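A.B. asks: Keeping their order, the protein sequence lines are chains A and B.
When you line the first sequence up against UniProt numbering, it's residues 1 to 458, in that order.
When you line the second sequence up against UniProt numbering, it's residues 1 to 458, in that order.
Hints should not be assumed to be uniformly reliable.
Said to hold, decoys possible - Partial chain A-side listing against chain B, Cβ under 7 Å, derived:
1. Y30
2. A37
3. F79
4. Y88
5. R90
6. A101
7. T142
8. I147
9. T211
10. L221
As the list claims (entries may be wrong) - Beyond 12 Å from chain B on every Cβ pair, some chain A residues (computed):
11. S232
12. S379
13. T453
Worth flagging that the hints you see were computed from the coordinates, not collected in a lab.
Nothing here was measured: the structure is a model prediction, and the numbers come from that model.
Cβ coordinates follow ideal geometry from the N, Cα and C atoms, glycine included.
Protein chains: 2
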Amino acid sequence: MTRETPQRHAPLRPATEAPRASSALLTDRYELTMIDAALRDGTASRPCVFELFGRRLPGARRFGVVAGTGRLLQELRDFRFGDDELRYLRDHRVVSADTVAFLEDYRFRGTIRGYREGELYFPGSPILTVEGGFAEAVVLETLALSILNHDSAVANAAARMSIAAGDRPLAEMGSRRAAERSAVAAARAAYIAGFGATSNLEAGRIWGIPTMGTAAHAWTLLHDTEEQAFRSQIDALGVDTTLLIDTYDIREGVATAIRVAGTALGGVRIDSGDLPTVAAEVRAQLDELGATNTRITVTSDLDEFAIAALAASPVDAYGVGTSVVTGSGAPTAGMVYKLVARQGGDGGWVSVAKASADKSSKGGRKAAFRTLDRGTATSELIAVSDGFEKIHTAAAHPDARALQVTLVDRGEPDASFEGPAGVDAARAHHALVREELPVKGLALSRSEPALPTVYIDA
Amino acid sequence: MTRETPQRHAPLRPATEAPRASSALLTDRYELTMIDAALRDGTASRPCVFELFGRRLPGARRFGVVAGTGRLLQELRDFRFGDDELRYLRDHRVVSADTVAFLEDYRFRGTIRGYREGELYFPGSPILTVEGGFAEAVVLETLALSILNHDSAVANAAARMSIAAGDRPLAEMGSRRAAERSAVAAARAAYIAGFGATSNLEAGRIWGIPTMGTAAHAWTLLHDTEEQAFRSQIDALGVDTTLLIDTYDIREGVATAIRVAGTALGGVRIDSGDLPTVAAEVRAQLDELGATNTRITVTSDLDEFAIAALAASPVDAYGVGTSVVTGSGAPTAGMVYKLVARQGGDGGWVSVAKASADKSSKGGRKAAFRTLDRGTATSELIAVSDGFEKIHTAAAHPDARALQVTLVDRGEPDASFEGPAGVDAARAHHALVREELPVKGLALSRSEPALPTVYIDA
């Protein structure tokens with residue numbers, strides 16, 4: 001990993017030109033079973049409002065980070081039941097012939113409003129509000145939750161690591177510890193939440209994320225001596241590359257590196273040992289040898305706590321693997337997708353909510369605002385109403401930022417949230433709104449959310 | 001979730017007919033950087049042996065379960081650098097023009113031997129042995145680890161849950177708590193390790209796994225009354241369906257269910273509350289009402305410990321979500337991919353291993369056997385040798401089972417391990433080998449592996 005390798009370019013063509021598989025069966029069977037029954041009893045097109053939200057923050061953290069929205073919009077374009085999908089449903093009698101016919105014509109024609117990607121969220125924040133007929137809206141539950149729960153879990157962990165790292169660059173290199181396609185999504189989510197680069201090439205190709213990486217231990221082991229390995233790497237990548245110096249003995253590795261590369265060596269990478277001790281020793285040795293500008297990158301089992309513990313060590317950059325792609329102890333954001341309002345028989349709206357123990361939810365369509373006091377966030381203000389028209393005039397707090405935007409308008413995703421441009425916008429938005437957090441929001445310890453969620457009647 | 005819904009059919013066509021994206025860039029950048037340097041210094045085609053193994057078992061568990069092998073073989077067929085991938089690498093100067101030319105012609109022509117999918121593994125077990133030129137073999141590292149680390153983590157958790165559940169059926173329903181494509185892989189891994197069904201329809205379509213599911217809380221909330229919702233569901237799905245009875249008040253829910261369905265109701269599902277208490281109350285109420293054959297399914301935040309704690313409760317089936325798809329606290333199996341042997345300048349084989357603190361590995365090609373005493377496993381016996389020819393005559397223990405099979409022969413995957421048939425074979429193999437575990441291997445507590453890993457010199 002070197003400073004010279006991260007490269008940032010817009011992809012040459014939109015990712016949608018790649019072969020795209022249908023996303024329609026990335027769905028729990030009961031969604032289709034309910035459509036089946038709803039088509040039969042006449043409730044399939046009953047206007048409904050579903051809400052995607054988290055009851056609590058994963059891992060008792062101070063804030064959540066919304067991620068995955070841009071991916072969801074893209075998968076929504078591919079959420080069509082094609083011949084293969086319909087044949088499976090028909091031949092395995094998952095649903096009736098009438099339902100197969102309904103699904104054949106299906107595309108989502110409703111509206112989705114929600115938080116921007118990169119936005120912070122708190123318990124109860126209405127991250128997505130999906131409005132449409134019951135059948136068309138319920139069927140998006142699994143896909144929406146899969147994407148948001150995974151990507152937000154990674155983004156949340158990444159944001160904490162980014163806070164811990166301060167100004168030092170962070171690279172995501174956890175692909176090997178995540179399923180192969182999740183790894184691409186994880187690289188994307190980490191980048192939105194403050195990482196600067198990824199090792200994952202597909203994330204570079206599809207999402208335009210800077211990629212990095214130079215050599216593994218296998219490179220050294222392939223050669224008869226460490227010196228040969230270093231010499232070959234420098235011949236190929238130049239003296240500004242980063243050499244991995246812990247395959248055998250670290251002190252000898254550093255000496256060999258500088259002997260081969262000279263004091264202009266770009267960097268060394270340490271991937272094992274007690275990092276504060278080792279980093280200090282390596283820095284002292286490099287300085288003694290005159291390689292005062294040679295950077296030190298550390299990459300061994302880091303998480304936000306290990307990064308914070310290295311704040312006073314002479315480390316120039318961090319590479320993070322397992323912990324960021326697995327959400328650092330909270331691999332899912334635990335969001336849910338609930339029916340919160342529907343039209344009644346008289347055409348009026350009815351708020352609905354289940355009353356299950358520990359899993360109760362708050363009915364009604366919601367509008368969300370972040371109140372601010374001289375630039376610092378003070379609360380997550382949620383206005384609850386049965387009537388859509390009333391809600392937008394509610395909560396007209398003088399210093400509040402409205403949190404919801406239209407993501408899908410009568411079936412049409414807003415393309416500005418998709419693709420590499422959507423990723424860039426989300427990353428910029430995240431950096432901006434994280435500045436609004438009160439100081440206690442930056443703490444790594446387990447505790448209460450940094451902002452209270454305040455409900456008001458609209 | 002009902003007994004009638006799981007359906008088992010072979011898919012009508014091989015999954016490979018679906019649009020397939022290249023898997024070649026699901027790869028860390030440094031793999032290609034190393035190829036770049038190796039092509040330049042002449043080591044790219046140096047014969048090498050890489051090994052994929054776990055240094056320890058995740059979560060201090062008693063055994064690991066190999067999963068993902070069949071998926072890896074399928075992705076290996078798609079591991080080709082197409083126009084899109086090559087254009088990205090060229091335009092972003094990830095590698096040199098010579099390397100682009102090498103990758104254009106790339107396909108893996110080496111040999112992979114390894115453990116069968118569904119097999120148990122222990123620390124140091126040589127789960128995969130990849131043999132080929134340095135460049136062609138090193139480049140598979142990220143993809144192989146991504147797939148095996150994810151799928152094995154899920155399979156391991158699933159196996160423990162399956163042990164805890166005993167003869168009661170287990171269904172996987174965690175799609176919403178896993179990234180959308182990982183969810184399909186997770187359903188597959190859980191099925192291999194003993195689950196009986198999944199909620200994920202794509203897993204049904206692609207891998208032939210039985211699917212299940214009836215209705216969510218949204219179904220009840222959609223209707224004006226719980227009674228209407230139950231009536232509609234029974235009209236559509238028949239009286240043998242499973243009704244979700246905890247949207248409002250459980251006692252009323254059960255009473256309504258039996259009033260609507262009669263005592264022939266297939267089942268009720270409980271998704272909240274203190275399950276041992278609630279299950280006992282619901283069972284008593286059902287019996288009082290005469291619905292003595294109505295089954296109880298529980299689905300609320302179960303893991304292997306919660307399942308074990310319900311062993312004495314009147315529960316008929318379990319649905320497991322978050323915990324199985326996230327590996328129940330160990331979301332990655334933590335396997336690594338290391339160069340263990342290479343040809344030296346004289347054509348002889350050299351064992352290699354790094355010496356990094358806490359991350360040392362054991363060089364040399366390995367052959368693995370499970371020793372048995374009257375059908376019960378006693379050790380993981382690993383014969384280490386530099387010479388391939390010596391190793392197969394080694395460790396000729398009278399009562400030992402050889403653990404490695406050829407998965408890819410000179411570039412050609414063995415199709416019998418792929419597709420739905422591969423899944424069935426893996427599930428059957430897992431059931432068989434789990435029977436060999438000593439009793440202590442069935443414990444859920446954190447401890448030592450159930451078998452010692454014993455190394456012998458060949």
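A.B. asks: Given a cut of 7 Å on the nearest C-beta pair, is the interface hint for T142 of chain A held or broken against chain B?
C.D. replies: With a closest approach of 5 Å, the T142 of chain A hint holds.
A.B. asks: Take a quick look at T453 of chain A and tell me if its Cβ sits farther than 12 Å from every Cβ on chain B, holds or violated.
C.D. replies: Non-interface label on T453 of chain A holds, nearest chain B Cβ at 22 Å vs cutoff 12 Å.
A.B. asks: Can we keep the R90 of chain A interface hint, with Cβ of chain B closer than 7 Å?
C.D. replies: violated, 10 Å
A.B. asks: Next item in the hint list is L221 of chain A. Is there a CB on chain B closer than 7 Å to its CB?
C.D. replies: holds, 4 Å
A.B. asks: The output says S379 of chain A does not contact chain B. Does that hold with a beta carbon cutoff of 12 Å?
C.D. replies: For S379 of chain A, whose nearest Cβ neighbour in chain B is about 28 Å away, the distance exceeds 12 Å, so it holds.
A.B. asks: Hold the hint about F79 of chain A up to the distance rule: shortest CB distance to chain B must be less than 7 Å.
C.D. replies: With Cβ-Cβ at 11 Å, over 7 Å, it is violated.
A.B. asks: Can T211 of chain A be said to touch chain B, with a Cβ gap under 7 Å?
C.D. replies: Hint holds; T211 of chain A Cβ to chain B Cβ min 5 Å, cut 7 Å.
A.B. asks: Against chain B, run the beta carbon of A101 of chain A and see if the smallest gap drops under 7 Å.
C.D. replies: violated, 16 Å
A.B. asks: Closer than 7 Å between Cβ atoms is the bar; does A37 of chain A clear it against chain B? Give me holds or violated.
C.D. replies: A37 of chain A check passes; min Cβ-Cβ to chain B is 4 Å, inside 7 Å.
A.B. asks: Can we keep the I147 of chain A interface hint, with Cβ of chain B closer than 7 Å?
C.D. replies: For I147 of chain A, the interface hint holds, since the closest Cβ of chain B sits about 6 Å away, which is under 7 Å.
A.B. asks: For the hint on Y30 of chain A, just tell me whether its beta-carbon gets within less than 7 Å of chain B.
C.D. replies: With a minimum Cβ separation of about 3 Å from chain B (threshold 7 Å), the hint on Y30 of chain A holds.
A.B. asks: If we take the beta carbon of S232 of chain A, is the closest beta carbon in chain B still more than 12 Å away?
C.D. replies: violated, 4 Å
Going through the hint list in order, the structure does not satisfy hints 3, 5, 6, 11.
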